[in-house]
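Engineer: Sequence:
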Amino acid sequence: MTTPVLTPQDADPVLGPRLQSFLACVCAELAAAGRPVCNCCLVWGSTKPPADFCDCECEGGASGQAWVRLVRLDPQNTQNRTQMMKCQPVRVRAWVEAGVYRCVPVGDDQGNPPTCEERTASALGFIADARALRQAVACCQALRRDRVEFISQDPADVSGGCSGVSVQFTLDL
227 MTTPVLTPQD ADPVLGPRLQ SFLACVCAEL AAAGRPVCNC CLVWGSTKPP ADFCDCECEG
287 GASGQAWVRL VRLDPQNTQN RTQMMKCQPV RVRAWVEAGV YRCVPVGDDQ GNPPTCEERT
347 ASALGFIADA RALRQAVACC QALRRDRVEF ISQDPADVSG GCSGVSVQFT LDL
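Per my numbering, the very first residue in the sequence shown carries number 227; after that it's consecutive.
If you are wondering where the hints come from, they were derived from the structure by calculation, not from laboratory data.
We treat Cβ as the ideally placed atom computed from N, Cα and C, and that holds for glycine.
Please note that a few of the clues may not be correct.
Pair by pair, the computed Cβ-Cβ distance ranges are [stated by the list, open to error]: (1) Gly-386 to Pro-239: 19 to 25 angstroms; (2) Ala-347 to Arg-319: 34 to 40 angstroms; (3) Gly-386 to Ala-258: 25 to 31 angstroms; (4) Val-240 to Asn-265: 39 to 45 angstroms; (5) Asp-380 to Asn-265: 17 to 23 angstroms; (6) Val-240 to Asn-303: 25 to 31 angstroms; (7) Ala-258 to Gln-302: 31 to 37 angstroms.
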């Protein structure tokens with residue numbers, strides 16, 4: 227049995243297209259910052275995705291992976307409910323996350339740790355990624371009609387030679 231492929235519109239006519247368009251904004255902002263990624267995906271899960279493509283390098287000097295994830299939906303109070311034909315209006319606040327994973331310097335084959343210069347270069351790269359993610363939230367045309375509130379920006383722990391950064395924001399729908 228094959229699962230039918232859904233379009234963002236089919237999945238949810240309000241949220242699906244916004245998430246897909248925001249993903250395009252994230253990929254574009256990272257590229258514009260000179261930090262393109264090999265994989266840029268909409269992902270599902272209750273936690274950040276695994277760093278499956280953290281160590282990849284691909285065409286055009288791109289590396290790593292980026293994602294957009296729906297974290298949760300919270301109901302919103304609808305004060306002035308109006309009777310509709312079949313359904314009551316449902317308003318939600320979507321919590322959305324965008325993030326990037328990339329390689330970080332690790333020790334060499336002799337067990338020597340990375341140099342301060344290598345660590346600094348890596349940290350500055352993640353700071354540039356963080357700025358690009360904030361820029362995607364602030365400037366994405368697909369989010370212009372909605373009330374957007376920036377919630378947090380957090381670094382990811384270093385694990386297996388990978389680290390990253392993510393941002394979360396809410397979107398009232």
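Engineer: So, for every hint listed, does it hold in this structure?
Structural biologist: Against the structure, the hints:
1. Gly-386 to Pro-239: 19 to 25 angstroms: violated (39 angstroms)
2. Ala-347 to Arg-319: 34 to 40 angstroms: holds (38 angstroms)
3. Gly-386 to Ala-258: 25 to 31 angstroms: holds (29 angstroms)
4. Val-240 to Asn-265: 39 to 45 angstroms: Cβ of Val-240 to Cβ of Asn-265: about 26 angstroms, so the range 39 to 45 angstroms is violated.
5. Asp-380 to Asn-265: 17 to 23 angstroms: holds (21 angstroms)
6. Val-240 to Asn-303: 25 to 31 angstroms: Violated, since Val-240 and Asn-303 (Cβ atoms, about 18 angstroms apart) do not stay within the stated range.
7. Ala-258 to Gln-302: 31 to 37 angstroms: Holds, since Ala-258 and Gln-302 (Cβ atoms, about 33 angstroms apart) stay within the stated range.
Checked against the numbered hints given earlier, this structure breaks hints 1, 4, 6; the rest are met.
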